[in-house]
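Visitor: Sequence:
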Amino acid sequence: MKDLYSPHPLPRRGLGFFLSYCDSLGRVVYAVDSVVYQRGLENFLDTDVYSEHSDKVSMVTYSPTGRFVASADIEGRLRVWAPNKEHSLKLESRPISGPVYDMSWTEDNERLACIGKGQKSYGCVINATTGASLGEVMGHTAVVQSCALRAQRPFRFVTGGDDNQQVFYKGPPFKFDHTARDHEKFILCVRYAPDGSVYVTTGLDGKINVYDGPTGEHKFTHQLPCGVACVSFSPDSKQLLCSLMDGRAVIVNVETGAIEGEWTVGSEIYQQQMGALWTKKSKLSISLNGDFNFLEEGGKVRTEYAHTAAVNAVCTIPGGFVSGDASGRVLFWKKEQVPYACFAPVGDGAPVCSIALLPGDENVAVSRADGVLTILKIEDGSVVTTYPLGKKGTGAIVARGEYIATYLDKNLLVVRGTVVSTYPLSFVPTYITANKDGSEIAVGGADKLIHLYTPEGEEKGTIKGLFKECCAITYSPDDSMIAASSVNKEIIIWKRDNYDEPLIDGWRFHSLAITKILWIDNENLITVAKDRSIRLWSMKKRRTNIECARAHVQGITDADWLEENVLITSGIDGAVRTWNIAKIQA
Numbered sequence: 001m002k003d004l005y006s007p008h009p010l011p012r013r014g015l016g017f018f019l020s021y022c023d024s025l026g027r028v029v030y031a032v033d034s035v036v037y038q039r040g041l042e043n044f045l046d047t048d049v050y051s052e053h054s055d056k057v058s059m060v061t062y063s064p065t066g067r068f069v070a071s072a073d074i075e076g077r078l079r080v081w082a083p084n085k086e087h088s089l090k091l092e093s094r095p096i097s098g099p100v101y102d103m104s105w106t107e108d109n110e111r112l113a114c115i116g117k118g119q120k121s122y123g124c125v126i127n128a129t130t131g132a133s134l135g136e137v138m139g140h141t142a143v144v145q146s147c148a149l150r151a152q153r154p155f156r157f158v159t160g161g162d163d164n165q166q167v168f169y170k171g172p173p174f175k176f177d178h179t180a181r182d183h184e185k186f187i188l189c190v191r192y193a194p195d196g197s198v199y200v201t202t203g204l205d206g207k208i209n210v211y212d213g214p215t216g217e218h219k220f221t222h223q224l225p226c227g228v229a230c231v232s233f234s235p236d237s238k239q240l241l242c243s244l245m246d247g248r249a250v251i252v253n254v255e256t257g258a259i260e261g262e263w264t265v266g267s268e269i270y271q272q273q274m275g276a277l278w279t280k281k282s283k284l285s286i287s288l289n290g291d292f293n294f295l296e297e298g299g300k301v302r303t304e305y306a307h308t309a310a311v312n313a314v315c316t317i318p319g320g321f322v323s324g325d326a327s328g329r330v331l332f333w334k335k336e337q338v339p340y341a342c343f344a345p346v347g348d349g350a351p352v353c354s355i356a357l358l359p360g361d362e363n364v365a366v367s368r369a370d371g372v373l374t375i376l377k378i379e380d381g382s383v384v385t386t387y388p389l390g391k392k393g394t395g396a397i398v399a400r401g402e403y404i405a406t407y408l409d410k411n412l413l414v415v416r417g418t419v420v421s422t423y424p425l426s427f428v429p430t431y432i433t434a435n436k437d438g439s440e441i442a443v444g445g446a447d448k449l450i451h452l453y454t455p456e457g458e459e460k461g462t463i464k465g466l467f468k469e470c471c472a473i474t475y476s477p478d479d480s481m482i483a484a485s486s487v488n489k490e491i492i493i494w495k496r497d498n499y500d501e502p503l504i505d506g507w508r509f510h511s512l513a514i515t516k517i518l519w520i521d522n523e524n525l526i527t528v529a530k531d532r533s534i535r536l537w538s539m540k541k542r543r544t545n546i547e548c549a550r551a552h553v554q555g556i557t558d559a560d561w562l563e564e565n566v567l568i569t570s571g572i573d574g575a576v577r578t579w580n581i582a583k584i585q586a
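Read in order, the letters of the sequence shown correspond to residues 1 to 586 in the UniProt record's numbering.
Calculated directly from the structure, the hints in this document are not laboratory data. From the three backbone atoms N, C-alpha and C, an ideal C-beta is built for every residue, glycine too. There may be inaccurate statements among the hints.
To be verified - EDC-like, lysine to aspartate or glutamate: derived pairs with alpha carbons at most 16 Å apart:
no.	residue 1	residue 2
1	Lys-238	Asp-212
2	Lys-460	Asp-500
3	Lys-283	Glu-296
4	Lys-335	Asp-46
5	Lys-207	Glu-255
6	Lys-495	Asp-505
7	Lys-436	Asp-521
As the list claims (entries may be wrong) - Restraint-style ranges between C-beta atoms, simulated for each label pair:
no.	residue 1	residue 2	range
8	Lys-280	Gly-319	27 to 35 Å
9	Lys-448	Thr-264	50 to 58 Å
10	Asn-524	Thr-454	23 to 31 Å
11	Glu-563	Asp-478	16 to 24 Å
12	Pro-225	Ser-421	51 to 59 Å
When you get a sec, could you build the whole thing from the sequences and use the hints?
Guide: Next comes the structure, spelled out in structure tokens:
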């Protein structure tokens with residue numbers, strides 16, 4: 001692999017999102033579905049992937065020294081592992097029988113608190129080496145949403161939840177000491193200051209309650225105008241970075257409650273601020289739609305976009321690429337840089353089906369599952385024009401010369417300028433492409449055939465030989481051959497002057513359907529598939545192929561050539577990756 005463009009986590013509305021950072025590694029750690037990502041804040045391509053969980057990971061955090069990572073899933077399974085290449089496992093346990101919502105460490109890496117929604121318990125503190133219990137959560141009558149361990153001796157433990165109260169424990173072993181009902185609505189975040197002098201609780205009522213760290217005695221209450229989803233202490237423990245549900249991030253003085261800094265991200269629902277992180281180098285707030293907002297001097301906000309859902313399509317543009325995901329979001333990237341533009345940032349639209357670069361290299365066409373074809377400007381991601389095709393279910397698209405071709409239900413659609421021509425089909429189309437000069441359109445169908453058309457909708461002929469419905473077609477660089485595959489996973493190649501006898505038949509090594517076939521040259525091909533693998537094929541060495549297994553954590557959805565010998569792929573895991581094909585061939 002050359003580069004990994006990792007996805008962002010997606011916070012839950014109305015609940016705090018807790019991001020963990022390690023100073024020694026310079027990385028944040030978070031989970032997307034069942035995958036844990038470690039990525040640099042300074043260099044977003046500095047990324048590591050951990051995929052040993054079988055269920056969705058609900059919480060992940062670094063230990064104070066960065067020596068370990070603790071990750072827990074929605075079934076309560078906890079894994080403590082080293083953040084190195086080997087991901088050495090230190091502990092596997094199940095502290096609660098349900099989703100873990102928050103975790104906290106002591107500074108010696110020996111004690112770990114886990115809270116959440118268990119069937120019999122809301123959480124506990126365990127020995128991070130043996131998994132032995134060091135105290136149970138008690139005193140709550142509703143789900144516990146957040147917790148904090150005092151990192152220094154004397155150790156203390158605090159929990160807060162949906163019963164509007166926080167519970168204070170002394171230990172170890174940690175035992176109930178007292179409760180406090182200083183909130184009128186749900187408590188969303190509990191955090192100790194780095195020096196252990198105080199801890200704070202925040203909630204939907206907009207209150208920030210400050211307590212003495214060793215004793216739990218109430219000291220101050222600061223009132224903000226809206227819910228406070230998450231807070232992060234400054235390194236010197238004197239200030240709080242607060243993420244507010246009105247779309248702002250503010251710095252609050254711990255003692256006086258004075259607002260000493262303010263950033264406005266936006267006023268839309270998707271711009272509610274759900275997570276906060278204050279490191280020695282950066283201040284970061286996280287939006288409801290997963291955007292990372294870097295808070296800079298003078299109230300400036302630098303927003304970093306990323307995908308938060310399966311990436312369904314990827315397309316190369318001059319100097320970079322465009323990608324679209326299952327939430328309808330389309331991102332525009334320069335090579336080895338964060339996205340510079342975003343279409344549909346809300347992330348609640350119809351899934352993107354396909355993306356194609358239009359002649360002139362100024363615009364791209366995007367088809368979505370709501371039957372809308374949208375032309376976007378590469379420069380800034382803005383909408384040039386929209387074609388509402390009338391029904392749901394547009395599929396792949398291809399752009400050649402003056403036309404864009406796609407399919408909808410049992411129709412071939414050819415768009416020229418503002419005119420959409422519809423040509424009825426006698427079969428259900430499943431894939432579409434065209435030859436280099438655009439004089440021939442190939443449409444694969446559920447009838448196991450490849451149908452050939454002119455751009456005017458005239459059928460030229462059919463190609464037989466597929467075992468099941470077609471899922472991929474491509475023309476060779478010199479237009480002399482066609483390669484195709486069906487959901488039966490076979491690859492068949494025909495010479496265009498003889499469709500009766502396949503040139504190559506019987507290539508069938510993928511275990512799931514192929515999603516894209518690309519030619520390297522007129523003798524070598526590359527395929528990507530839902531089985532997560534990339535395979536290289538040679539017409540000279542027909543009995544062998546080169547496999548790059550587990551190229552993505554989940555199935556590969558699309559691929560394109562980013563540059564010569566550099567492949568770009570998109571996956572169900574929400575990631576986009578690039579590959580040096582010369583190294584794979586070697």
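Visitor: A separate judgement is required for each hint: does it hold in the structure or not?
Guide: Outcome of the hint check:
With a C-alpha separation of about 13 Å, the suggested pairing of Lys-238 with Asp-212 holds against the 16 Å cut-off. Of the supplied pair hints, the one linking Lys-460 and Asp-500 holds, its CA atoms being roughly 15 Å apart against a limit of 16 Å. Pair hint Lys-283 plus Glu-296 holds up; C-alpha atoms about 7 Å apart against a cutoff of 16 Å. As the CA atoms of Lys-335 and Asp-46 are separated by approximately 14 Å, the hinted pair is consistent with the 16 Å bound.
Between Lys-207 and Glu-255 the CA atoms are separated by roughly 14 Å; this keeps the pair inside 16 Å, and the hint holds. As the CA atoms of Lys-495 and Asp-505 are separated by approximately 12 Å, the hinted pair is consistent with the 16 Å bound. Restraint check for Lys-436 and Asp-521: satisfied, since their Cα atoms lie roughly 14 Å apart, inside the 16 Å limit. Distance hint check for Lys-280 and Gly-319: the Cβ-Cβ separation is about 34 Å, which falls inside the suggested range of 27 to 35 Å.
At about 57 Å, the beta-carbon gap between Lys-448 and Thr-264 stays in the expected band of 50 to 58 Å. In this structure, Asn-524 and Thr-454 meet the distance hint of 23 to 31 Å, their C-beta atoms being roughly 30 Å apart. Checking the proposed 16 to 24 Å range against Glu-563 and Asp-478 shows it holds: the Cβ atoms sit about 20 Å from each other. At roughly 56 Å, the beta-carbon separation of Pro-225 and Ser-421 lies within the given 51 to 59 Å, and the hint holds.
The structure shown violates none of the earlier numbered hints.
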